[in-house]
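Trainee: Heads up: the sequence lines are chains A and B, in that order. The opening position of the first sequence corresponds to residue 494 in this note's numbering, with each subsequent residue numbered one higher. The opening position of the second sequence corresponds to residue 888 in this note's numbering, with each subsequent residue numbered one higher.
Hints listed in this document are in silico derivations from the structure and should not be mistaken for laboratory results. Note that the Cβ used here is the ideal one computed from N, Cα and C, for glycine as well. Don't take every hint at face value.
[As the list claims (entries may be wrong)] Coverage of chain A stretches by chain B, computed from C-beta distances (three or more under 8 Å per stretch; other residues unrestricted):
hint: 1; stretch: 569-579
hint: 2; stretch: 589-597
hint: 3; stretch: 634-641
hint: 4; stretch: 701-708
[Claimed, not checked] Calculated Cβ distances over 12 Å to all of chain B for the following chain A residues:
hint: 5; residue: A554
hint: 6; residue: R629
hint: 7; residue: R663
hint: 8; residue: T665
hint: 9; residue: G796
hint: 10; residue: K817
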Amino acid sequence: MRRFLIIGTLLLSLLMGSVAVAQQGGDGRPVRVLVETEPPANAIVPDETLVTTRLRVLDAAGNPLPGVRAAVHVDTPPRPNIITTDFPFVEDTTLLELETTLPQGELTFQALYPIRGTYTFRTRVTLPDGQVVEARPTLSLRENPDEVRNILVLVGLLFAFGLLSGLIIRLTGRPGAATVTTLVVLMLAGRTVWAHGPSGETTSRQDEPVTVVREANGLRVTATVAPGSGAVGRLNTITLRATVDNGTPARGSVSVDAIHLEDNVPIYRFVLPLEADGTAQVAAQLFDGTDHELRFTLRTDDGRTVAWKIPVAVEGFAPPLTVKLRSLGLLMIPVVVGLAVGLRAGHSITAGRRQPALGAR
Amino acid sequence: MDQVTTGLGVAHRHAVGTLTWAQSNVALLQVGLVLVTAALVLWAILFSNYPLVHDTFHELRHSLYFVPCH
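Please model the complete structure; the sequences and the hints are all you need to start from.
Mentor: Here it is as structure tokens:
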């Protein structure tokens, strides 16, 4: 009964696409921090779906708590013990960090979550009365079903190759035949699944911050990206400060879009309210080793806008040797098994051919 | 003539029952060759760091469940 209850709870949380964590406020009031996603968690494809993520701070009655301040750190899933993801340098790192005031008790942003696993939203909420609440809601994502299908196809091909090689070795005894079969099968497999061309990865690196100053419509904005280039697994902190003509802090909000230039798709979208001193800050990990562009649009409460862009090159790294060897070992298992089956089957066929001749004699 | 036929029969019986020492070695060599070749080809396509190879098979690497890319 207890098992069914646990499974039911897990399924419900998947369907709702959200995980809630309840905490007590300093004065004993229950405060909940809720993470909701659109689409729901079970429909999110890692590294493909741009997910609208809503972090809500609710009171005991389930109503949003206005005027709270939230500091959010989104941690990527922990490193798997055996089966790696396609971004090993993203595992067990921080994806996002931001701190802002939530006038309506909600923080909404869009993000492309790069890998499968459980993301932890380490959240520190400061209530209007100064009480602090900490919560760690989580979001669990499954692997892209296409990746699962592809690996099953590859495992099948590797098994078939092993089987064929075993048969050839037993039946023909030609060492060259098996080698040629290896190359043909694996190259065909590679051609079949290969979908796109070169990635155009870049390796330029700039540790110094990049600052852009933009003036338009009576606004002056200073935006800084630190460091000036990205690296997989590392955060880039984006800070901006906006003032109006007389030097007073601007009031309004800024939208920040991080664009993956290779295919011109957004990987993050934030709309951040400007603080009282006209500043806003967010730190985000640009997790693919290629060129990106940060696109900003500042809108003030009095209707003025200014837009600008900052290019950011992101450095990718080769996976650790141990991770690669482990994955290679896993891929060799179907070859070895197929080979053993093929040798065994070839032996049976050979014996079957020769036994009648011996019997006739 | 009968003796020759008998001799061949003995040789056949030996081949079916167990591999000769030479045949075993050749078979082992072939098995080793297949495994090494498979490992080398898989390594080159899915795990090599050379930019040309990596870029060519970048999307393939990302499309396989447990193949790391970067």
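Trainee: For every hint, state whether the structure bears it out.
Mentor: Okay, the hints, checked on the actual structure:
no., hint, verdict
1, 569-579, "holds (count 4)"
2, 589-597, "violated (count 0)"
3, 634-641, "holds (count 4)"
4, 701-708, "violated (count 0)"
5, A554, "holds, 44 Å"
6, R629, "holds, 27 Å"
7, R663, "violated, 8 Å"
8, T665, "violated, 10 Å"
9, G796, "holds, 43 Å"
10, K817, "violated, 4 Å"
Going through the hint list in order, the structure does not satisfy hints 2, 4, 7, 8 and 10.
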